[in-house]
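These are the residues of each chain, in order.
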Amino acid sequence: MDASITTEQPARAAPAHRLDSVSLAIAGSGGSGVMTAGTWLLDAAARSGLYGLMVRTSGPQIRGGEAAALLRLGTAQLESLDDAFDVLLAIDWQNVHRFADEIPLRADGLLVCDADAGEVPEVFRATGAKVIALPLKKMAKAHPGSWINMLALGITGTLAGLAIEPLEDAVRAGWKRDGEVLQANLRALRAGAEAVAAHALVQRPPAPPSQRRWLLSGNEAAGFGALRGGVRFVAAYPITPATELLEWMAPALAQAGGCLLQAEDELASINMIIGASFGGVPSLTATAGPGLALMTEGIGLAVAAEVPIVVVDVMRGGPSTGIPAKSEQSDLSFAVGGLHGDAPRLVLAPTSISDCAATTQWAVELAEALQAPAIVLSDQFMGQSRAIVAAPELPPPAARRLLAEPHAPDYKRYRDTPSGVSPMAIPGAPGTTYTADGLEHTEAAIPSSQARDHARQLDKRLRKLTGHDYGARWADIEGDGPLAVITFGSASGPVHEAARRAAAQGVPLKRVTLRLLAPLEPELLAQALAGVERVMVVEQNHGAQLLRYLRGIADLPHPHSFHKPGPLPLRPAEICAALVEWAARQEQTA
Amino acid sequence: MNDMCQPPALAAAAEPFAARDYKSDYKPIWCPGCGDYTVLNSVTRALSIVQRPPHEVAVVSGIGCSSRIPAYTACYGFHGVHGRALAAATGLKVARPDLTVLVASGDGDGYSIGGNHFLHACRRNVDLTYIVMDNHVYGMTKGQPSPTTEPDWDSKLSPGGTGVRSFHPLVIALASGANFVARCFSGDQNTTAEIIAAGIRHPGFSFIEILSPCVTFRPEQRGWKDLVHPASVAPTDDPARAAKRIMTDDGFNIGILYAGHRAPYGGGPVPATRTPEEIGEEFAL
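Going down the list, the protein sequences come from chains V and X. At position 501 of the first sequence the residue is numbered 501 (my numbering), and the sequence of numbers has no breaks. In my numbering, each residue carries its 1-based index in the second sequence increased by 590.
Don't read these hints as lab results, they were simulated from the structure. Just so we're clear, the structure is a prediction, and the values are computed from it rather than from any experiment. Treat the hints loosely; a few may be bogus.
Pairwise CB distance ranges (calculated) [to be verified]:
no., chain 1, residue 1, chain 2, residue 2, range
1, X, SER822, V, HIS454, 19 to 25 Å
2, V, HIS407, X, GLN641, 50 to 56 Å
3, V, PRO406, X, PRO820, 52 to 58 Å
4, X, LYS732, V, ASP265, 25 to 31 Å
5, X, ARG713, V, PRO135, 51 to 57 Å
6, X, ASP688, V, LEU402, 21 to 27 Å
7, V, PRO406, X, LYS815, 28 to 34 Å
8, X, GLY705, V, HIS407, 39 to 45 Å
9, V, PRO397, X, ASP688, 39 to 45 Å
10, V, GLY179, X, ASP827, 46 to 52 Å
11, V, GLU122, X, GLY705, 50 to 56 Å
12, V, LEU458, X, VAL754, 38 to 44 Å
For each residue, glycine too, the CB sits at the ideal point set by N, CA and C.
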């Protein structure tokens, strides 16, 4: 009996593009379990041999309010959300209309909702998507002890073409304890699956994957990269959206022989990791924009005292406390320029959720090798999204700090060496005691206000960063042609997808995805742009921060900017349209 | 085998360290007559009492006259930024529990800009020895009121006084959970050295307030030498009793005023049980 389905239309075969990926959103009021349903749906997709991505979004609050899990599942690795959604499942309508911009529904999409939850908001009705109104609450009540979100899981999983077994396995794995409640929820899951079986968007079973796959979030990947890089001390203050990195690291550090300390504030965090690293232990903190602002004095201290540290900044909408749980790339200017004095520092940006591991590991290695602070620019999109990815090929850990020999004759902590890197003595080592100093100092670490000492130490601190051979990892350079697109961080995924689509439309592009943002040497940028006639810079902020930064380093050929602030994610289609239009417009004027 | 594994402590015992072994060759920048000279002497004396080799000791500081102490010792030193010495020292000691870590501060650095860290260092109870040279004035920036300055003290920045009551560091330390609380006078080097040594040996967070006159901006503090007197009763391990005594004394009562039994901070590194690669396998499908 299927009277609950309000439409009489027969199930349609899914359009071909849906077989590559299908996009689903599960929304509801906070506490309705949408994140759990989304997480287990991603797990079921993983068990089905698929790749996928789940992005979290919520209202201005961190707890309560409204929440949505945005998923895209496919047969190849995905680095970006799609332009629109095939399915929106709304457990209730409590403020869910606020997600209308974030969850654009395809005109031929499906909107699943509770028949007894009131009218479908006009903003969703206007999309033209087919409404499937089911008595969700009543169906859950038919299985006492079950959660309504398990119905949602059965429904969305079935619409995405997943079999019931991986969905059940995901629930069992997530529930952990067997018992009547689990059984009730499994019954609810099956009821949801059966209710929409005729509407499944994907009919073809996925091919088994050819590679080893991992399931993890960008924050977890960054934490893992840090651990591999050698980090064994973390001090931090909780802040959205960086906290999960710390929550992953706390037990992992203990297993790896390190420790995590929750500091009283960000000022304490940054100084604690400087103290620990002064003691010879590679150290890290993770924060978001407001915390990074508080840490800048300490980062400057790490520059002056030449103490290696890593700060992972999981960016969110700014300024001030801004939009805590949504993404933006607007801390870039602050990261590359936000310290007082001439303060050379390393700034890196992972190019994908998976790359959070390798780039954070590299950041630790560079900080240690160059005795300097490294800032890793992740963001909410990367950090809080979970993804099924190909298991990353990580380079063997290579963190090395240049240490002083015990009893080194005439030891000078800040000796001006050709590379600018001076051997560092670690407390406990005999015969090389010195006092690290944030005041300008002589080579022997004695405070000095003399012009010659200042100039020499400034030169040394800059030279050790600019003179280092960073190899080919500073940027991923792909494709060729007279048109180039430059991007960084989580904008990279949508840009890559947009560039592939543009190429299919006859607009080939060179793609420069920056991984090392500072120091960024003009020669390297010039080499990357050799033969390029025009360049477009794509980023997610209001001020075109990357474009302005790059123009301060090198003369970009006919620069053009595509930039918009968060919190709406960058969509491949809008970038592709901008690229195609830009290419055509310039051709006409040429 | 045993000969090769001889612990460093035995080697140190064969040739004891003198106070001068903990002093560096650098000449202090302090004004003539500054109380901090004798605090430096007391610190190096205390280290010779404890007999920890200089390279196994780290002295951490923030900014201000008092915070210049690390460079004047022959230990490892860290001269950081204003108010953050306790944070840097906490990170160092938690990551490297094998080191002896002293923290040197002043009333402006420690109680004003560093006030929050002071509260949390007391309650966290990491095994640090926190020495605050208190002269009731900002000396390095030339004579502004600090948190311990009397409300009616006249200065260029606060003509006629701030009108703000003075901070009471000892009681605040007690209320926040410090495990050892003492008051010293810089002019009494022997007692100060003994108390610092006792603080180093006492597990957990030891807070030692040292009255250290600023003869440049508070010349009347020369008179402190006539006001200080030893505490008339033995130290207590009852924080309520210690707080009552300190609240009602004349502010010049010198000695160990409280020595508690709280277990020091329990965090810190533990032996590794898994490699990062093994931990990463948890992500594998």
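Which numbered hints fail: 1, 2, 3, 7, 9
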